[in-house]
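Listed below, chain by chain, are the residues.
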Amino acid sequence: MIKLENINKTYFGAQPLHVLKGINLEVAEGELVSIMGASGSGKSTLLNILGILDNYDEGDYYLAGKLVKNLSENQAAEFRNKLIGFIFQSFNLIPFKTALENVALPLFYQGVNRKKRIMMAMEYLERFGLKDWAEHYPNELSGGQKQRVSIARALVTSPKIILADEPTGALDSKTSAEVMQILREVNASGITMVIVTHERGIANLTKKIVHLKDGVIESIEENDPDKMDFTKEIK
Amino acid sequence: MFNKDFWSEIFMALRRNKLRTILTGFAISWGIFMLIILLSAGNGLKNGVTGNFADRIKNTYTIWSSSTELPYKGHKAGRFIILNNKDIQFLESLYEVEEVSPVLSKGGTLIFGEKSRSVSLEGVKPIYKNIQGIKIIEGRFINENDMKNKLKVIVIDKNTNEELLRTTEETSMIGKTVYINDLGFKVIGVSKGMAFGEMGQCYAPYTTLQTIYNVNEYYQLTFTTKGLNTKEDNETFKTELKRKIAAIHDFSPEDQRGVWIDSEMINSLETMKIFNTINIFIWIIGIAMLISGVVGVSNIMRITVKERTNEIGIRKALGAKPRSILLSIVMESLVITTIFGYIGMISGVGVMEIVNIIMGSSGAGVNTEMEMSVFVNPTVDINIVVMATLVLIISGVAAGFAPAWNSVKVKPIEAMNYR
Ligand SMILES: Nc1ncnc2c1ncn2[C@@H]1O[C@H](COP(=O)(O)OP(=O)(O)OP(=O)(O)O)[C@@H](O)[C@H]1O
Ligand SMILES: [Mg+2]
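If you read the sequences in order, they're chains A and B.
To convert, note that position 70 of the first sequence is 70 in this note's numbering; the numbers rise steadily by one, no gaps.
To convert, note that position 40 of the second sequence is 40 in this note's numbering; the numbers rise steadily by one, no gaps.
Quick caveat, the hints were computed from the structure, so don't treat them as lab data.
We treat Cβ as the ideally placed atom computed from N, Cα and C, and that holds for glycine.
Hints should not be assumed to be uniformly reliable.
[As the list claims (entries may be wrong)] Counterexamples of contact, computed for chain A against chain B with all Cβ distances above 12 Å: (1) Glu5; (2) Leu25; (3) Glu26; (4) Glu29; (5) Gly40; (6) Gly59; (7) Ala64; (8) Glu123; (9) Tyr124; (10) Phe128; (11) Trp133; (12) Gln145; (13) Ser173; (14) Ser189; (15) Val216; (16) Lys227.
[Said to hold, decoys possible] Pairs of lysine-lysine, DSS-like flavour, derived with a Cα cap of 27 Å: (17) Lys82/A with Lys273/B; (18) Lys411/B with Lys97/A; (19) Lys69/A with Lys321/B; (20) Lys321/B with Lys160/A; (21) Lys411/B with Lys66/A; (22) Lys411/B with Lys21/A; (23) Lys213/A with Lys411/B; (24) Lys411/B with Lys3/A; (25) Lys97/A with Lys4/B; (26) Lys411/B with Lys160/A; (27) Lys66/A with Lys409/B; (28) Lys238/B with Lys97/A; (29) Lys4/B with Lys116/A; (30) Lys18/B with Lys115/A; (31) Lys82/A with Lys411/B; (32) Lys227/A with Lys208/A; (33) Lys321/B with Lys82/A; (34) Lys97/A with Lys231/B.
[Stated by the list, open to error] Residues on chain A that point at chain B, a partial pick, calculated with CB under 7 Å: (35) Arg80; (36) Phe86; (37) Gln89; (38) Phe96; (39) Leu105; (40) Pro106.
Next comes chain A alone, as it looks inside the complex (with noise of 0.2 Å):
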């Protein structure tokens, strides 16, 4: 699904900023991935390239079999719109759209008329215990609450691949939990998901590990998230 062969990304500053030095990661289709790493090792910025949402200098990367390189800002918005499904840490929802209107905002973009527009957001929201909520704006919403809206959005459009970009990091324990249980059971059917943390504890309920330290993988984990014992802290 993901393959990235020797990705070299710099940031041109005040100072020249090398991020990533030489990536090389494959992830198949179906997988559960997340990448750890300190501050500043480079985690959002390879995320952002492989949504498309950041270019790279050096290196291919494939996308589905596809080749992501010097794309047109339109055919970059179709990849991310078909392929993609996007969450983040600040949840990224339009403030002054209702929960429903965001989770159905991508769907527009399809060319999916309004009614079902309406129609397939509300399914999603009631996914996520949602339904009583479809009508309140962002700012009327718990942090777990807006990222269940996020989740929602990133899925109506049944992508290929989930990227989260923190997806607990403005959430407390509990509901942490209960996000990764979500994001895991959308795994589950079937959709490759990349996670990027710097919690452990989240790390552990993937199927795989990537570890960066200042721009290069340092080693990759294979973990056995059902070993973990849910009734436990995950922090």
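Could you slot chain B with the ligands onto chain A? The hints should help.
Structure of chain B with the ligands alone, referenced to chain A:
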């Protein structure tokens, strides 16, 4: 692309962002509103001032009697020159002179029943109405028939009319006979009048008064001209005329006084110059206001689009294509500017219409002493308003377009992390 869905998205975004919508809209409405008020006020001023002269015909001259300033050929300075029938004959012999209208002035007391009022009675020709811009509010002015038959008819002024009617049952003086110096005159009209104070101003046919009084002395001669269209023509004619009158009456051609010659054409050309200056001034202010409006609207547009950078980033992450984002931003600003521009236009025109009506009924802005209006019909050319509105709309949209284009061009992650 422009289906119902698209528009409902646009209107929803505007409704949900009420403050932003209203602030932007207000800037536009206010700009248009002020522009209309300004242009209308300017026009009102112009209409008011020109209106006072509009009824007068322009190709007229007036010669006034006056005293000399210089001694000449044995005559001492300070001799009073009185115009006479020789001058009329001379004027009538000139090619440029169309019609001479002497003014035969007589003072007297007008008596009607118990009432009396001192008046100045002027014997004039029908053309005098147009020369002086006399307004008739009831009845008619002197006509050729009155002249030919030397009828004893009279046009009285408004104040005299009111004075004579006061405490009587009568509602109109038309057809009544009034007496001046024991001669009966039938009232045929009431003029709006230029009279000051207690003195009334009445007009009778020139021929009638000439027959009665056999006058050969005039303090004022007026005449119309033909073929004198430019300022130069008139200046030349005036100088030449002065020289010839000086010869007839034996006073120095160099004399600044002796007689006064006044050309309505020269005056009106001077006034036109002033109006043109006022006009240019109004336009400069109007354009300055339009520019400040454009700057204001553009700034607000730029700021709102900047504010939306995050939203744009999110939309891009969700798969929005640049064209779709740009289109909705441009359409949103177009809808705002159009609706509020229209509101500003309607309210500006509305306010001026109301001012117009109030002024019309109360007579505000009218100097009653002089019976002159300084502020008339303060309205503005609707085409100019529409053009100004369009300029604001287009510049507003254009101003929003540049930052929108920038936000759309940057990588989605940059837009999302903006600020
Ligand atoms: N737009 C940018 N311009 C310049 N430098 C950047 C930019 N974004 C990130 N960086 C730098 O690149 C490095 C990697 O950033 P990145 O956000 O990928 O780290 P991270 O691993 O996600 O860290 P954290 O755990 O704190 O989120 C950091 O040193 C950061 O300061
Ligand atoms: Mg990060």
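Here's how the hints hold up against the structure:
1. Glu5: Check passes; 21 Å lies beyond 12 Å.
2. Leu25: Given that every Cβ of chain B is farther than 12 Å from that of leucine 25/A, nearest at about 19 Å, it holds.
3. Glu26: holds, 23 Å
4. Glu29: holds, 21 Å
5. Gly40: holds, 15 Å
6. Gly59: holds, 17 Å
7. Ala64: Correct as stated: the minimum Cβ-Cβ distance to chain B is 15 Å, above 12 Å.
8. Glu123: holds, 18 Å
9. Tyr124: Non-interface label stands for tyrosine 124/A: nearest chain B Cβ at 14 Å, farther than 12 Å.
10. Phe128: Given a closest Cβ separation of 18 Å, the condition holds.
11. Trp133: About 17 Å separates tryptophan 133/A from the closest Cβ of chain B, which puts it past 12 Å; holds.
12. Gln145: Glutamine 145/A clear of chain B: closest Cβ-Cβ about 18 Å, beyond 12 Å.
13. Ser173: Correct as stated: the minimum Cβ-Cβ distance to chain B is 27 Å, above 12 Å.
14. Ser189: holds, 21 Å
15. Val216: holds, 21 Å
16. Lys227: About 35 Å separates lysine 227/A from the closest Cβ of chain B, which puts it past 12 Å; holds.
17. Lys82/A with Lys273/B: violated, 71 Å
18. Lys411/B with Lys97/A: holds, 23 Å
19. Lys69/A with Lys321/B: holds, 18 Å
20. Lys321/B with Lys160/A: holds, 20 Å
21. Lys411/B with Lys66/A: holds, 20 Å
22. Lys411/B with Lys21/A: The hint holds at about 21 Å.
23. Lys213/A with Lys411/B: holds, 25 Å
24. Lys411/B with Lys3/A: The hint holds at about 22 Å.
25. Lys97/A with Lys4/B: It holds: about 18 Å lies between the C-alpha atoms, which stays within 27 Å.
26. Lys411/B with Lys160/A: OK: lysine 411/B and lysine 160/A at ~22 Å, within 27 Å.
27. Lys66/A with Lys409/B: With a Cα-Cα distance of about 23 Å, the restraint between lysine 66/A and lysine 409/B holds, given a limit of 27 Å.
28. Lys238/B with Lys97/A: violated, 80 Å
29. Lys4/B with Lys116/A: holds, 15 Å
30. Lys18/B with Lys115/A: It holds: about 25 Å lies between the C-alpha atoms, which stays within 27 Å.
31. Lys82/A with Lys411/B: Holds, at roughly 18 Å.
32. Lys227/A with Lys208/A: With a Cα-Cα distance of about 14 Å, the restraint between lysine 227/A and lysine 208/A holds, given a limit of 27 Å.
33. Lys321/B with Lys82/A: holds, 12 Å
34. Lys97/A with Lys231/B: It is violated: about 71 Å lies between the C-alpha atoms, which goes past 27 Å.
35. Arg80: Interface hint status for arginine 80/A: holds (5 Å vs cutoff 7 Å).
36. Phe86: Where the cut-off is 7 Å and the nearest Cβ of chain B is about 5 Å from phenylalanine 86/A, the hint holds.
37. Gln89: violated, 12 Å
38. Phe96: holds, 4 Å
39. Leu105: holds, 6 Å
40. Pro106: Because about 4 Å separates proline 106/A from the closest Cβ in chain B, which is inside the 7 Å limit, the hint holds.
The structure fails to meet hints 17, 28, 34 and 37 from the earlier list, while all remaining hints are met.
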